[in-house]
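Protein chains: 2
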Amino acid sequence: MKVLQERIRQEGLILSDTVLKVDSFLNHQVDTELALQIGQEFKKLFGHQPITKVITIEASGIQFAMATAIALGVPFIYAKKKKAVTLSEAVYSAPVHSFTRQEDYLVSVSQKYLGPNDKVLIVDDFLATGAALVGLVDIVKEAGAELLGVGCVIEKSFQEGRSLLENRGIEVHALARIASMSPGEIHFIDNESSLEKIKESAGC
Amino acid sequence: MKVLQERIRQEGLILSDTVLKVDSFLNHQVDTELALQIGQEFKKLFGHQPITKVITIEASGIQFAMATAIALGVPFIYAKKKKAVTLSEAVYSAPVHSFTRQEDYLVSVSQKYLGPNDKVLIVDDFLATGAALVGLVDIVKEAGAELLGVGCVIEKSFQEGRSLLENRGIEVHALARIASMSPGEIHFIDNESSLEKIKESAGC
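For the protein sequence lines, the chains are A and B, in the order given. Read left to right, the first sequence gives residues 1 to 204 (the UniProt record's numbering). Read left to right, the second sequence gives residues 1 to 204 (the UniProt record's numbering).
One thing to keep in mind: the hints can contain errors.
In silico DSBU-like links for lysine-lysine, alpha-carbon gap of 30 angstroms or less [unchecked claim]: (1) A:2 / B:112; (2) A:81 / B:112; (3) A:119 / B:112; (4) B:21 / A:141; (5) A:81 / B:82; (6) B:81 / A:81; (7) B:44 / B:119; (8) B:81 / B:119.
Rather than coming from a laboratory, the hints here were simulated on the basis of the structure.
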């Protein structure tokens, strides 16, 4: 997604070889117009499938799950990061380790809102180690729902997240794939657009 | 907002005189169409003012801040609940006590995204004790920005949140105001619509 890559080049802050801050337009202050475009892009990539629900994890996945759910005309669910007092009924849950915050937490989804009839698209802001996403995948599986794919806004392709998911047979798309980065420098992988060209020429 | 009150009557789970669960359509699973309508409603109530930014607190305010920001055509900011590794620069912050989770936390907003030129609308899912919202109000004040109002989806009018805010001279609107509730029973205050009628007859 060219417009996204440009914004990352212009506004992203690369703090180290692994830490990219995009909080001026994606995950603290949010450019709603760009978020809606991101939703439309996920619709292009996954919308040919009969998705019934979009699922993400609080908090920074919410704006992209919502934009995608708006584009697809379906509800979305955000998994909670710990069991709240008001989330008292039965939940599907999975443990997740956050490398950013160096802490463990539990993600959970109420059993009332996910079941064998659901066809799920998982959406999140970052795909890096894949830890949080694997947690969500486990929850979808536990619910007996069908997972149709995982869409991430930004992928740190130099980390193992994508292979963890693809090794489970999951279709993964990311809108900006970072091959490598260091302060002042960022390189994107372009094969997402190449893939689009291949699909287009094949009449998909 | 009649459609919202109806959904609360149909789907809300009243666990006690103070605890209402709306996680089937508002703050766990989210009905995106209703969320967008809520954004339009806040635009009707506040959109005559020159709002530059909508602000909320992660996580459950995000979908309504986003819907409102979409309606108004401005960006939104979600305050973070604790200082993350990647939120390393200078922040405005305020301490908040959560009565739901019985814990204290810090809400913070990067100083880069809020300043004296901003005219702010605060949006959140619930107005109850007002603790989180007062924290946000303090942050807006600390930034030197102008606060144009507070919009909440659901107000527990039997708690002190509204008076805390109104005593500071803040314009507060809630789309569903609960006068009282107990398992199996809920009563709404209708003066939001009465206020609208008064405004309309006055030509506002």
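Outcome of the hint check:
no.	hint	verdict
1	A:2 / B:112	holds (25 angstroms)
2	A:81 / B:112	holds (27 angstroms)
3	A:119 / B:112	violated (40 angstroms)
4	B:21 / A:141	holds (26 angstroms)
5	A:81 / B:82	holds (14 angstroms)
6	B:81 / A:81	holds (13 angstroms)
7	B:44 / B:119	holds (17 angstroms)
8	B:81 / B:119	holds (22 angstroms)
Of the numbered hints stated above, the single one contradicted by the structure is hint 3.
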